[in-house]
Amino acid sequence: MLHSPVLRSVKLGVKSLLLHKLRSLLTTLGVLFGVSSVVAMLAIGEGASEEAQEQIKQLGSQNVILRSVKPPEDTVSNQSTRVSNYGLTHLDFERISETLPWVKRAVPVRELQQEVRVEQRKLNPRVMATTPDYIEVTGRMMGEGRFISERDEELVSNVCVLDHEVARFLFPFETPLGKRVKIDADYFTVVGTLLPRTRTSDDPAAAGTSVTGEVLIPRLTGQRWFGDLQVKVRSGSREMEEVQLHEIIAEIDAPENVAHAAAAAREMLKRNHKQQDYEVVVPLELLARAEETKRIFNIVLGSIAGISLLVGGIGIMNVMLATVTERTREIGIRRALGAKRRHIIMQFLVEAVVLSVGGGLLGILLGLAIPWFVTWYADLRTIVTPEAPALAFGVSVGIGLVFGLYPAWRAATMDPVEALRHE
Amino acid sequence: MPAVAILKDVSRVYTMGNTVVRALNGFSFEFGQGEYWAIMGSSGSGKSTLLNILGCIDRPTSGSYQVRGQEMATLDDDELSELRGLHIGFVFQSFNLIPQLNVLENILVPLFYQEDPPADGEERAAMLADRVGLGDRLDHRPLELSGGQQQRVAIARSLINDPALILADEPTGNLDTQTTSEILDLLDELHDEGKTILLVTHEADVGARAQSILHLKDGHIDDVAHNRPRP
Ligand SMILES: Nc1ncnc2c1ncn2[C@@H]1O[C@H](COP(=O)(O)OP(=O)(O)O)[C@@H](O)[C@H]1O
Ligand SMILES: [Mg+2]
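Chains as they are written, first to last, in the numbering used here: chain A, 1 to 423; chain B, 424 to 654.
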């Protein structure tokens with residue numbers, strides 16, 4: 001019992017706090033909420049950041065992606081023929097890849113709604129006609145075989161590359177390499193398969209795209225067999241769409257030029273399109289947007305944390321001042337029996353720290369529950385790093401020390417005779 | 424007998440507004456080792472003030488106080504605290520036990536603050552509790568004890584550091600006649616063992632139990648008397 005003064009102080013602190021359970025609990029609420037906000041803030045921020053990083057990796061951090069977007073119905077649809085004609089053109093592609101500065105290379109993507117089948121198995125994946133550079137520009141990884149080659153383009157060969165999902169579905173028991181699949185009315189030889197993306201994600205930029213699977217064919221082959229006109233059957237009515245390119249992915253020579261290139265591309269498209277039938281997606285801007293979201297989150301939760309911790313600290317100070325007054329006589333007794341000022345300081349400081357660390361530990365528990373709830377409820381990714389609870393713990397120790405110091409000092413500088421005469 | 428406490432021309436002056444109270448006024452005296460003094464006098468005559476200075480929880484306004492050969496004026500707050508913890512035993516009128524601590528822990532408090540506490544502190548505390556008749560109440564809280572029992576715990580606490588001076592300010596003031604004589608019997612025993620005891624009281628029959636009586640009046644010595652030795 002005599003051995004560790006700190007341990008004895010902690011024991012004594014806990015004991016005297018338990019004498020006023022409700023008061024102690026209420027006092028710790030401020031620290032509790034403050035600390036839980038800190039933990040939650042870090043977890044949500046970390047999750048958002050990682051989400052953005054991943055998304056950018058998937059889209060290519062040095063890429064600018066142009067997409068065709070169907071403009072509002074009445075402005076395009078020619079009522080008599082019911083052909084809607086919109087989106088990016090082959091000409092756009094040429095301008096982007098030839099005349100836009102900073103563009104290292106660009107790949108066109110044309111999407112075809114076609115049925116793909118092998119014997120009885122059939123599927124409606126995204127059939128994408130593109131050029132050999134696609135694989136490198138998007139950073140996707142080959143599984144087996146090879147990607148579409150220059151030679152495939154020259155020969156306009158009927159070859160195709162299947163993504164992981166399609167390959168698994170059409171050829172569950174064998175390698176698809178060298179096998180033939182039927183796309184619409186024509187047969188294509190499978191020359192390669194793609195590995196799955198790192199995450200078939202909730203990435204808004206690629207929403208609903210990867211779930212149905214992808215089949216890639218050479219650009220010119222696509223043009224030869226399927227033309228530019230597509231027939232869509234939507235809610236019973238036939239509808240025709242003429243879209244030359246669905247996507248142009250431009251790879252920029254250096255990260256610092258991405259913003260310039262994106263601006264130039266926007267400018268160029270604006271000049272050449274009568275309507276807003278395209279969008280420009282810049283992964284780096286997504287990162288900036290994610291950072292911005294994270295920043296706003298940090299400001300909001302940081303303010304909550306700061307205010308709660310301040311209020312919590314003041315609450316602790318208040319309760320400790322009350323405790324010191326209530327225990328004035330005890331302080332006098334201890335001083336008469338040999339306690340130095342620092343012993344008294346330590347006793348009350350430890351008590352304040354026990355109080356705020358108690359709140360801090362409960363706060364950490366709540367702070368771990370909030371990200372879990374956010375993930376479950378809002379489907380936001382959250383990551384609790386080990387540093388977060390450690391930081392929160394440190395913060396609560398600090399709050400106890402800072403706000404406990406004045407009451408402890410008051411206790412220690414009391415005159416022993418006065419203190420003994422108290423009450 | 425060598426002197427434990429030597430006071431020379433000690434004054435303690437309280438100034439409140441423009442009234443000046445001389446609680447001690449040019450007080451000089453020597454308390455010898457092993458002596459048992461009753462300090463008597465009417466209310467406000469300066470008894471508690473004297474005892475507080477003797478116990479080093481208060482400082483004289485002027486004059487010199489030497490305790491165990493050390494001049495108090497040369498010691499700072501920490502050194503005085505240490506001196507109290509090592510050499511002074513306090514017994515108060517209102518017992519002044521710490522309510523959160525049990526009997527054993529209360530007896531041990533002075534050792535908590537010693538730089539180098541004895542290794543056998545707990546055994547000694549238990550022995551002292553036994554000695555004052557509370558060996559079977561070690562884990563009781565003060566509020567679970569009667570006044571007489573609490574005062575006996577306080578006496579055990581004042582003995583844990585084997586003090587040079589035991590200072591008791593009206594220790595029987597809150598007790599009935601029966602427990603008063605029990606406590607006084609205990610002080611007699613301590614005196615017989617050679618302890619130096621200074622006991623403040625305003626009751627003549629309590630004062631009569633001491634070896635000698637120091638009468639105070641208006642902060643200085645009014646009379647010194649010696650009781651007939653006990654049979
Ligand atoms: N803190 C104080 N402030 C002002 N006056 C005091 C203080 N303490 C004691 N006194 C005065 O000093 C005188 C002696 O007090 P005290 O030593 O307590 O007397 P006793 O114990 O003999 O009754 C009294 O007149 C008292 O009012
Ligand atoms: Mg008095």
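In short, the hints are calculated from the structure, not lab data.
We treat Cβ as the ideally placed atom computed from N, Cα and C, and that holds for glycine.
Treat the hints loosely; a few may be bogus.
[To be verified] Pair by pair, the computed Cβ-Cβ distance ranges are:
no., chain 1, residue 1, chain 2, residue 2, range
1, B, D559, A, H20, 40 to 46 Å
2, B, S465, A, G398, 53 to 59 Å
3, A, V14, B, P425, 42 to 48 Å
Outcome of the hint check:
no.: 1; hint: D559(B) to H20(A): 40 to 46 Å; result: 31 Å, violated
no.: 2; hint: S465(B) to G398(A): 53 to 59 Å; result: 55 Å, holds
no.: 3; hint: V14(A) to P425(B): 42 to 48 Å; result: 47 Å, holds
This entry does not satisfy hint 1, going by the numbered hints stated previously; all others are met.
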